[in-house]
Amino acid sequence: MGLIPNFKNIATRSPWIYRINAGSCNGCDVEMATTALIPRYDIERLGCQYCGSPKHADIVLISGPLTVRVKDAVLRMYEEIPDPKVTVAVGVCPISGGIFRESYAVLAPIDQYIPIDVNVPGCPPRPQAIIAGVAKAIAIWRERL
Amino acid sequence: MNFLTIFARNLKQGPQTEAFPLGPAFTPERLRGRIEFNAATCEGCRICERVCPANAIRFAKTPDGMTFDCWHNTCVFCGNCEFYCPTDAIHQTNDWDLSHVNADKFDMVEHGLIPNQTCVECGATALNTAPMVKNAKPPLSTEEYAEVRARCPKCRAKYLKNRKVPA
Ligand code: SF4
Ligand code: SF4
Ligand code: SF4
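From first to last, the protein sequence lines stand for chains A and B.
Taking UniProt numbering, the leading residue of the first sequence gets 1, the next gets one more, and so forth.
Taking UniProt numbering, the leading residue of the second sequence gets 1, the next gets one more, and so forth.
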């Protein structure tokens with residue numbers, strides 16, 4: 001009986017983070033890499049680590065306004081991520097289109113296609129803001145698990 | 001022996017990692033963050049709306065006056081609006097922590113209203129904007145400024161033209 005809650009406690013400790021670039025200008029991706037790799041910000045203190053495969057991911061960070069060209073690839077990749085997953089939109093691009101809003105080439109806002117849980121506005125958001133967003137996402141993810 | 005110096009320095013300085021989110025984050029004074037709007041000093045020129053590259057700022061005419069909306073989820077923190085605002089009514093704060101759950105998406109907006117007023121001279125309905133009086137010699141006193149403000153644009157121009165300049 002006691003085994004299942006124990007598994008849950010272990011499993012909720014360390015989410016894997018996965019990044020999807022939905023046509024971003026790379027500004028947000030650089031900030032996300034900074035957040036993860038530079039000791040000054042060090043997102044691994046929250047127990048998260050970036051992973052290379054969507055099949056391992058728990059929390060997915062999406063940047064970019066979802067350009068028409070990458071839409072199918074992004075949706076396919078999103079489908080591959082196992083449930084329960086939490087989606088974080090990083091930057092104003094996925095939230096509203098930001099600077100690319102109303103362009104013929106983008107399909108923002110991205111929550112028309114993908115359910116988004118947390119938004120982190122900014123162009124790009126500073127690493128601390130991304131950490132704040134990920135912390136919110138971890139709280140949501142623990143509830144969902 | 002170099003590593004010993006680095007080791008000693010690291011011992012003295014402690015870790016470089018910022019405490020955030022478990023502690024306060026370092027925020028530079030001039031960080032470009034959330035936009036703040038002060039309707040009381042706005043001139044109603046709508047330059048900010050025009051220069052905003054992301055079209056984050058919208059003015060709209062309503063029965064009560066002119067509304068101002070700045071959508072934080074579209075703003076790219078460029079600072080153009082503050083730079084071009086002639087009356088310092090719009091400011092960029094260094095507040096960066098804007099992350100929110102998706103349900104609050106449409107609440108992330110800075111709202112302001114420039115109310116309508118009735119002109120004390122001709123009785124016309126006009127916006128109660130802050131008058132921008134440049135090159136007035138001598139500069140307007142506080143009472144004169146309030147009198148100018150209580151008028152519609154046409155009567156403001158008339159008031160300034162007929163203003164008695166003390167010799
Ligand atoms: S939000 Fe800004 S920095 Fe981020 S991808 Fe969009 S344009 Fe680039
Ligand atoms: S905020 Fe400044 S730039 Fe914008 S309408 Fe008011 S006075 Fe003009
Ligand atoms: S900072 Fe730039 S993007 Fe934001 S409201 Fe002002 S002009 Fe628009």
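Because the hints were derived from the structure by calculation, they are not lab data.
Backbone N, C-alpha and C define an ideal beta-carbon position, used for all residues, glycine too.
A hint or two may mislead.
[To be verified] Cβ-Cβ distance ranges computed for the label pairs, FRET-style:
hint, chain 1, residue 1, chain 2, residue 2, range
1, B, 4, A, 45, 51 to 59 angstroms
2, B, 139, A, 34, 34 to 42 angstroms
3, B, 153, A, 45, 51 to 59 angstroms
4, B, 139, A, 44, 41 to 49 angstroms
5, A, 39, B, 144, 43 to 51 angstroms
6, B, 125, A, 142, 52 to 60 angstroms
7, A, 30, B, 143, 18 to 26 angstroms
8, B, 64, A, 105, 32 to 40 angstroms
9, A, 75, B, 157, 56 to 64 angstroms
10, A, 30, B, 125, 47 to 55 angstroms
11, A, 30, B, 45, 30 to 38 angstroms
12, A, 71, B, 83, 29 to 37 angstroms
13, A, 75, B, 6, 42 to 50 angstroms
14, B, 11, A, 75, 49 to 57 angstroms
Comparing the hints with the structure gives:
1. 4/B to 45/A: 51 to 59 angstroms: violated, 27 angstroms
2. 139/B to 34/A: 34 to 42 angstroms: At roughly 49 angstroms between Cβ atoms, residue 34/A and residue 139/B fall outside 34 to 42 angstroms, so the hint is violated.
3. 153/B to 45/A: 51 to 59 angstroms: Check passed, 58 angstroms falls within 51 to 59 angstroms.
4. 139/B to 44/A: 41 to 49 angstroms: Violated, at about 59 angstroms.
5. 39/A to 144/B: 43 to 51 angstroms: violated, 60 angstroms
6. 125/B to 142/A: 52 to 60 angstroms: Check passed, 55 angstroms falls within 52 to 60 angstroms.
7. 30/A to 143/B: 18 to 26 angstroms: violated, 55 angstroms
8. 64/B to 105/A: 32 to 40 angstroms: At roughly 39 angstroms between Cβ atoms, residue 105/A and residue 64/B fall inside 32 to 40 angstroms, so the hint holds.
9. 75/A to 157/B: 56 to 64 angstroms: holds, 59 angstroms
10. 30/A to 125/B: 47 to 55 angstroms: For residue 125/B against residue 30/A, whose Cβ atoms are near 51 angstroms apart, the range 47 to 55 angstroms holds.
11. 30/A to 45/B: 30 to 38 angstroms: About 36 angstroms separates the Cβ atoms of residue 30/A and residue 45/B, which means 30 to 38 angstroms holds.
12. 71/A to 83/B: 29 to 37 angstroms: holds, 36 angstroms
13. 75/A to 6/B: 42 to 50 angstroms: holds, 48 angstroms
14. 11/B to 75/A: 49 to 57 angstroms: The hint (49 to 57 angstroms, Cβ to Cβ) holds, given that residue 11/B and residue 75/A are roughly 51 angstroms apart.
Hint compliance for this structure: hints 1, 2, 4, 5 and 7 are broken, all remaining hints hold.
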